[in-house]
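Novice: When you get a sec, could you build the whole thing from the sequences and use the hints?
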Amino acid sequence: MAEEYLLEIRHLDKFFTVKGGGPWKKPEILRAVSDVSFCLKEGETLGIVGESGCGKSTLGNTIIRLLEPTSGEILFQGKDLAKMKKRELAKYRPDMQMIFQDPYSSLNPRMRVFDIIAEPLRTHHVLAGEDLRKRVLELMTVVGLDVSYASRYPHEFSGGQRQRIGIARALALRPKLIICDEPVSALDVSIQAQILNLLRQLQEKFHLTYIFIAHGLPSVRHISSKIAVMYLGKMVEMTSRDQLFAAPMHPYTLGLFEAIPIPDPSFRKPEEDREILQGDIPNALHPPSGCYFHPRCPYAREECRTREPVLEEKQPGHFVACHYPISIKESDKKA
Amino acid sequence: MKQKGKSYRMPRWLRMLWRSKTGLLGFVIVSIAVACALFAPWLAPYDPNAINPLNMLKPPAFMAGGDPAFLLGTDNLGHDILSRLIYGARVSMIIGVLSVILAGVIGTAFGLLAGYYGGILDSVIMRVTDAFHSIPRMLLAMVAVTLMRAGIGTLVLVIGITGWITYARLIRSEVLVLKEREFVKAAVTIGTPDYKIICYHILPNVFSSFIVVSTLAVATSIIAETSLSFLGLGIQPPDISWGGMLSAGRNYLATNWWVATMPGITLTMTVLGIMFLGNWLRDFMDPHNQGLE
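Heads up: the protein sequence lines correspond to chains A and B, in order. Residue numbers for the first sequence follow the working numbering, so the first one is 1 and each next one is one higher. Residue numbers for the second sequence follow the working numbering, so the first one is 336 and each next one is one higher.
Misleading hints may appear alongside valid ones.
Below, in silico cross-link-like pairs of lysine-lysine (DSS-like), each with a Cα-Cα straight-line distance of 25 Å or less [said to hold, decoys possible]: (1) K91(A) - K514(B); (2) K41(A) - K79(A); (3) K514(B) - K531(B); (4) K91(A) - K520(B); (5) K205(A) - K176(A); (6) K356(B) - K176(A); (7) K205(A) - K85(A); (8) K134(A) - K531(B); (9) K520(B) - K83(A).
The set of hints was computed from the structure by calculation and includes no laboratory data. Please read all numbers here as calculations on a predicted model, not as lab measurements.
Specialist: What follows is the structure, given as structure tokens:
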């Protein structure tokens, strides 16, 4: 407990009110992120995984205060960002940066690469003149961009190069925490590995802490030290990467594993042994009763329909929100 | 950019203009109109207000009975129509440009506030534009012109103030889209202050639609001025405007068609030229075309 956490999230909620059709309908509440808690030490990487619409991006945006949290605490180095005023928050902005999903939308089309990377430095009056120029060119080299491209516009670059520009911008202020919101999902498969490797190198070099949001387990596998699985705005399982890959306890996580394509189909398990996820993610406005996952869960029992499970430490360091988590033996058999 | 060779190369905008037929046509027409406005005293062959009873209602030079001295003929008071058209360009250009600047500045400011800050401010501004929209523009202009002294200043004010809603709505909707773009979010996470986000990230990205709408608005302003002058509420004689000329010529339409038709053609050509130029400008300013030629 005495250990210093870089980031500690406590019972974070982000609700949206959705206006009903017409003035007579009551506005409904969409619980995009509900009661999420986790801790992150410096140098760690938390991978957040879930299907689209599960609230993982909303969680990332709320932590960095692009969205106002509904309730809960965001403790960054012990300071609560959740209730901070804009003016005060500005002091902490440089410590937390974000890498965005869509490299085609994350760069201002009317700014040159140099100005894009220089913007954080100019905003916080870190450097100016020749020092600024040196630093920007250095950042470009660090992320693997040719410095001769500094005066070009973003549209002259490929997706991977654009993502490198975005990474350079995020690095400019030497942040402690970087939230990566699906940074590779918009890129070609061949480029994805390059960007992931770059992010890992940078992590070592600058001692960064990452929150890495992705929708599949394979892309977070190599970069994460911890993995959290989200379903309909809640965390259903969180543990170390090795533990999760060795013995997933939540049926949903198991379903995500089954969804990973195998390079050689002849190694695939017979159809009847696979726990392929059935159906779609339910409407978050009207989530199912009890455990949100029960309509899709092959192990659902009566209790799951009525009582909501809470995230509990079922094994040391292994948090699961499930009434009947898959026992270690059972998952061994499956593995 | 690529070849800094020995031979002189035209600037990029000129090369791109050369390639666009309509853009070039628009540019030529607008240039002529601007030149007429600027250098009217030197370009006009006669004093536009010189009354010449001997040369009343002369047909244009290219028609039977036309006098080569009066290229586009004369009107019922013997004014040289060409000279009057050249002087009339002044009024049209001044009113077109000034009223658009006025409308553009007011509208952009309100559109930015409404789109960027949202909330109550947005609702209030949008309801005001709705209210403005429900009043017929010409009617409002007519009332204002009757209440105030008719003249260029009044016309600029009236046309400008009735025109800002177009900008407010356009800019607001563009800002709403831009606000969701990730580069604006990135600026927020960097901690860039609002005014810098607006100046560096939002304004440059609404600029091209602003220009397109503005050129269109210059054209509509000119038409509005002409309409008001036609109704006798705009420019008063002895000041010359195309609308006034149209108005004066309408009594002779059956017998001496050129008196009204010449200003009509001039007006149409000018408006068309401005619109061509506006369309070309939009393409030109798209950063995706910056590398191309």
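Novice: Any hints this thing doesn't respect? Which numbers, in order?
Specialist: 6 and 7
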